[in-house]
Amino acid sequence: MENLEKQLICPICLEMFTKPVVILPCQHNLCRKCANDVFQASNPYLPTRAGSLTSGGRFRCPSCRHEVVLDRHGVYGLQRNLLVENIIDMFKQESSSKPVPERKEEAPMCDVHEEEKINIYCVTHGVPTCSMCKVFGAHKDCEVEPISSIYQTKKTELSDGIAMMVGNNDRMQGIISQLEETCRAIEENGRRQKTLVCEKFDQLYSILEEKKREMSQKVTAEQEEKVNYIRGLTRKYGDHLEESCKIVEMGIQTMEEPEMALFLQNTKPLLKKISEASSTAHLDKVERGYESMDHFNVTFSKEGMALRSIDFIQDDEDDDDENEDGEGGAEESEGAQTAGGSSAVTDASVQPSPPQQVNSSSSAARSTAST
1026 MENLEKQLIC PICLEMFTKP VVILPCQHNL CRKCANDVFQ ASNPYLPTRA
1076 GSLTSGGRFR CPSCRHEVVL DRHGVYGLQR NLLVENIIDM FKQESSSKPV
1126 PERKEEAPMC DVHEEEKINI YCVTHGVPTC SMCKVFGAHK DCEVEPISSI
1176 YQTKKTELSD GIAMMVGNND RMQGIISQLE ETCRAIEENG RRQKTLVCEK
1226 FDQLYSILEE KKREMSQKVT AEQEEKVNYI RGLTRKYGDH LEESCKIVEM
1276 GIQTMEEPEM ALFLQNTKPL LKKISEASST AHLDKVERGY ESMDHFNVTF
1326 SKEGMALRSI DFIQDDEDDD DENEDGEGGA EESEGAQTAG GSSAVTDASV
1376 QPSPPQQVNS SSSAARSTAS T
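Mapping of the sequence shown onto this note's numbering: position 166 corresponds to residue 1191, and the numbering continues sequentially without gaps.
Because the hints were derived from the structure by calculation, they are not lab data.
Being a predicted model, the structure only gives us computed values, none of them experimental.
Careful: at least some of the hints might be erroneous.
Unchecked claim - Here are the simulated lysine-lysine pairs, DSS-like style, with alpha carbons at most 25 Å apart:
1) LYS1298 x LYS1261
2) LYS1180 x LYS1031
3) LYS1237 x LYS1058
4) LYS1261 x LYS1297
5) LYS1031 x LYS1044
6) LYS1237 x LYS1327
7) LYS1058 x LYS1225
8) LYS1310 x LYS1297
9) LYS1298 x LYS1310
10) LYS1044 x LYS1179
11) LYS1261 x LYS1251
12) LYS1117 x LYS1180
13) LYS1031 x LYS1261
14) LYS1310 x LYS1251
15) LYS1058 x LYS1117
16) LYS1225 x LYS1236
17) LYS1297 x LYS1271
18) LYS1142 x LYS1179
19) LYS1225 x LYS1237
20) LYS1327 x LYS1236
21) LYS1298 x LYS1271
22) LYS1236 x LYS1251
23) LYS1310 x LYS1261
24) LYS1117 x LYS1031
25) LYS1058 x LYS1179
26) LYS1142 x LYS1180
27) LYS1243 x LYS1327
28) LYS1044 x LYS1117
Whole structure, please, built from the sequences with the hints as guidance.
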């Protein structure tokens, strides 16, 4: 019977269950009154009518911390545990039918008067004591009360404190859940913003790649133009050299001619050819520095400073200051709204200086043929 009585103790009031007994979804039992007290402590702002809740809410089981969600009927919507109620009735009938054996309760003894039981409560010092301490001892001038009345008062106070702590624990659990959700939202927003920043930099990379390709094409075009011109000029000089070598061979053969008349006949046209071959006036000449490509000069000092100063867009106050200084041009920004209603995070903005102009010539200077 003693072991059975221990199983019929309510975890809130620490007394035997008072009917009606409700069963929670986690299969633990509570007195309906105790369940209602815990529910009201966990939901202090829900409207009430005639002492009962008029809307749904939630609280946690004091035994296992399982969350119990109630409908608009509140704790009155919980199912009654008729089995426990029947066991309580059987236990009370069995207890009343059998004589209660006299049990010697081991009452605590006074530390000062070892033969005296502690039977009163010192209200002044807030400690239980014995009658001898009140008459002759340290509590003779103190206010005392019967220990039974103080016992009931303190037991009610402890029960209320437990119910309040259960409500506080539920609110603390709600705060923890909100913090965890905020942490997840921060991580998700961080990933989203890093993706947006990478997209912005990819756009900047594509602009630089396009500009590099355009400038390289300009250098390549002039390079091919100059090389083709020099190769053409080389062919002309080669043909002239080949013709000169043939004239030299003809001159050597003429020098070996023993007949004077025939020698003189061949000398006149040969001298004319030598005179014409000795002149290179009809051939173009390359000016000094024609091979240089230094006019394709480019510097990125300003752009480098602008790139190194890339940062996130400042807040509205800084934008207002810039507008007051006369620096127009509103900057467009893209921001992502944080999940769950959190604040938006600013996107990266690139603000480089205007690109440095490249000094280039469309074609090489040609030297005029000397006459």
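Right, here's what the structure says about each hint:
no. : hint              : verdict
1   : LYS1298 x LYS1261 : 17 Å, holds
2   : LYS1180 x LYS1031 : 18 Å, holds
3   : LYS1237 x LYS1058 : 81 Å, violated
4   : LYS1261 x LYS1297 : 21 Å, holds
5   : LYS1031 x LYS1044 : 17 Å, holds
6   : LYS1237 x LYS1327 : 17 Å, holds
7   : LYS1058 x LYS1225 : 62 Å, violated
8   : LYS1310 x LYS1297 : 24 Å, holds
9   : LYS1298 x LYS1310 : 22 Å, holds
10  : LYS1044 x LYS1179 : 23 Å, holds
11  : LYS1261 x LYS1251 : 15 Å, holds
12  : LYS1117 x LYS1180 : 23 Å, holds
13  : LYS1031 x LYS1261 : 120 Å, violated
14  : LYS1310 x LYS1251 : 13 Å, holds
15  : LYS1058 x LYS1117 : 20 Å, holds
16  : LYS1225 x LYS1236 : 17 Å, holds
17  : LYS1297 x LYS1271 : 14 Å, holds
18  : LYS1142 x LYS1179 : 20 Å, holds
19  : LYS1225 x LYS1237 : 19 Å, holds
20  : LYS1327 x LYS1236 : 16 Å, holds
21  : LYS1298 x LYS1271 : 10 Å, holds
22  : LYS1236 x LYS1251 : 23 Å, holds
23  : LYS1310 x LYS1261 : 11 Å, holds
24  : LYS1117 x LYS1031 : 14 Å, holds
25  : LYS1058 x LYS1179 : 19 Å, holds
26  : LYS1142 x LYS1180 : 21 Å, holds
27  : LYS1243 x LYS1327 : 22 Å, holds
28  : LYS1044 x LYS1117 : 13 Å, holds
The earlier numbered hints that this structure contradicts are 3, 7, 13.
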